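Enquirer: According to full-length UniProt numbering, the sequence shown holds residues 1 to 493 in order.
By construction, these hints were calculated from the structure, which means they are not laboratory data. Note that the structure is a prediction, hence the values are computed from the model and not measured. Just so it is clear, CB atoms sit at the ideal spot from N, CA and C, and this is done for glycine as well. Nothing false has been slipped in among the hints.
Across the chosen pairs, the derived CB separations fall in these ranges: (1) Arg152 to Ser396: 42 to 50 angstroms; (2) Ala195 to Val399: 39 to 47 angstroms; (3) Glu392 to Gly130: 31 to 39 angstroms; (4) Ser406 to Ala195: 39 to 47 angstroms.
No more than 27 angstroms apart at the CA atoms, straight line, and that leaves these computed lysine-lysine pairs for BS3-like: (5) Lys271 to Lys200; (6) Lys180 to Lys153; (7) Lys271 to Lys379; (8) Lys200 to Lys82; (9) Lys200 to Lys180; (10) Lys200 to Lys72; (11) Lys180 to Lys271; (12) Lys386 to Lys72; (13) Lys104 to Lys72; (14) Lys200 to Lys104; (15) Lys386 to Lys346; (16) Lys379 to Lys72; (17) Lys346 to Lys403; (18) Lys379 to Lys200; (19) Lys200 to Lys145; (20) Lys104 to Lys153; (21) Lys403 to Lys354; (22) Lys153 to Lys200; (23) Lys82 to Lys271; (24) Lys346 to Lys72; (25) Lys271 to Lys145; (26) Lys82 to Lys145; (27) Lys82 to Lys72; (28) Lys379 to Lys104; (29) Lys180 to Lys145; (30) Lys65 to Lys403; (31) Lys104 to Lys82; (32) Lys104 to Lys65; (33) Lys153 to Lys82; (34) Lys72 to Lys403; (35) Lys104 to Lys386.
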Amino acid sequence: MVFNSSPYKAEGYSGSMAQATASSGWHTAGRIQSLRTWLFPALTSVLGQASLDTRFFVDDGLWRKAPMLTGKCSCGPLPDVKNILVTGGEGFIASWLVRHLVIKYPEYNVISFDKLDYCSSLNNSRMLEGRTNFQFFHGDVTSDKDVLRCLRKYDIDTVFHLAAHTHVDLSFGNSYNFTKTNVLGTHILLESAIAVGTIKRFYHVSTDEVNIMRTNGIQASKTPNLLTSVKVYGEVEKDAADLTEQSSLWPTNPYAASKAAAEDYVTAYVKSFRLPAVIVRLNNVYGPHQRKKPLWIHGDGQHTRRYLFAGDAADAFDTILHRGEIGQIYNVDSRDEISNLDLAGKLLAAFHVKDVARCIEHTRDRPFNDRRYAVDGTKLRQLGWKQNVSFEEGLSMTVDWYKEFSNWWGSIDAILSPFPVVNGDSITAATPKVDEAAAHAQAAPNGNGGFVKGEEAIVGAKDEHTALQSPGPSQLDAQQVAGGKKRKAGQMA
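Starting from the given sequences, assemble the full structure and let the hints guide the process.
Expert: Next up, the structure:
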């Protein structure tokens with residue numbers, strides 16, 4: 001595959017990924033040695049060992065030849081934007097934004113703020129090390145000391161808040177962690193923004209699963225820019241119209257509830273403190289730099305989602321930053337809708353797997369799993385944004401990237417298993433219950449595909465902030481909730 005045939009090009013990069021060299025703008029091992037020693041001096045002596053968490057792992061041969069992927073959009077820089085903070089900057093979507101801003105806008109100083117948990121990796125921004133307009137700050141959004149120190153040190157004027165726990169399955173048995181990071185973390189960031197008094201724009205990222213009742217956009221002369229996900233809206237019937245920014249929201253899982261609460265905090269700070277904001281709600285985003293996942297299918301696999309390539313998401317952020325109006329909500333939509341089962345089939349076909357049915361495992365469905373999400377992105381398109389990459393092209397790019405960089409994330413199978421369990425700093429892959437009906441309906445004649453036994457994986461060194469934990473893994477039986485009647489808008493039960 002040739003990346004420069006796509007709108008998403010690597011800076012100074014031409015040809016296949018294997019042809020990328022140091023002469024194309026990648027940095028030397030010597031530079032990275034200094035970076036790793038500065039960040040984590042205690043880990044320097046053991047870097048490179050297989051047991052070390054890959055978030056801190058320095059593999060020059062792995063990332064040095066990786067293409068510098070960004071979006072396509074590039075508007076003129078804003079005169080009042082100088083120092084941009086991106087929370088969760090080493091995660092999947094946020095790292096695309098970080099690279100995009102650093103490369104496309106040398107006028108902006110970009111600070112990647114990240115705790116470095118299971119869904120983050122320093123590999124996502126190592127190629128930016130040495131650039132004068134990029135800095136990494138190791139911090140936790142649930143620590144007011146970390147947040148305030150960063151805001152003041154870099155004189156931040158613009159915030160993109162993407163730091164969050166987003167693993168829906170994990171939220172069912174570990175909901176306290178989601179409340180702490182997604183709600184308390186947002187609250188601390190908002191309070192800190194008021195305290196420093198320099199924030200001119202504040203973008204908050206949420207989800208399309210939230211579904212709380214809200215009929216009007218944020219009304220304020222100066223408001224923070226909020227990035228959220230379309231999951232805040234909840235389920236959309238098959239033949240129903242796409243949801244607009246004014247549609248009602250109603251969360252259906254602990255993750256979505258935490259994001260809904262975070263949105264309410266942002267709205268409250270807009271109303272009470274006139275903090276400048278715009279809400280942006282995303283579809284599911286995919287592409288290179290994402291965690292690799294096994295092909296677990298919840299239930300019958302007929303749930304559908306709309307997918308957006310990460311480069312198009314970066315372009316959406318760029319467009320809203322430079323052309324969006326303060327105080328507005330923007331949906332980022334996609335024309336590519338596909339069922340989970342069909343997606344698994346396409347992914348396996350891209351890897352030339354012939355016996356698809358044997359490679360797909362059906363597990364019990366989530367306690368509540370929205371059948372479909374669908375939003376209307378007309379408002380954003382009127383600003384000039386468009387979806388550049390089709391699902392077929394984006395999937396091909398993603399597959400080719402993983403063929404070249406299969407070890408980018410290391411082994412994190414436990415966190416990617418259905419309904420994982422968190423206990424302190426360890427994550428256990430719970431043995432999933434088989435959805436017998438779905439498995440028999442989709443399985444090949446000779447395939448039973450059993451489930452991997454639970455295994456424990458250490459996902460990071462202890463952080464100074466003690467994580468709140470749920471009493472234990474959720475034992476909800478999907479059958480207990482699947483038969484429940486759907487609530488009407490405005491009803492609590």
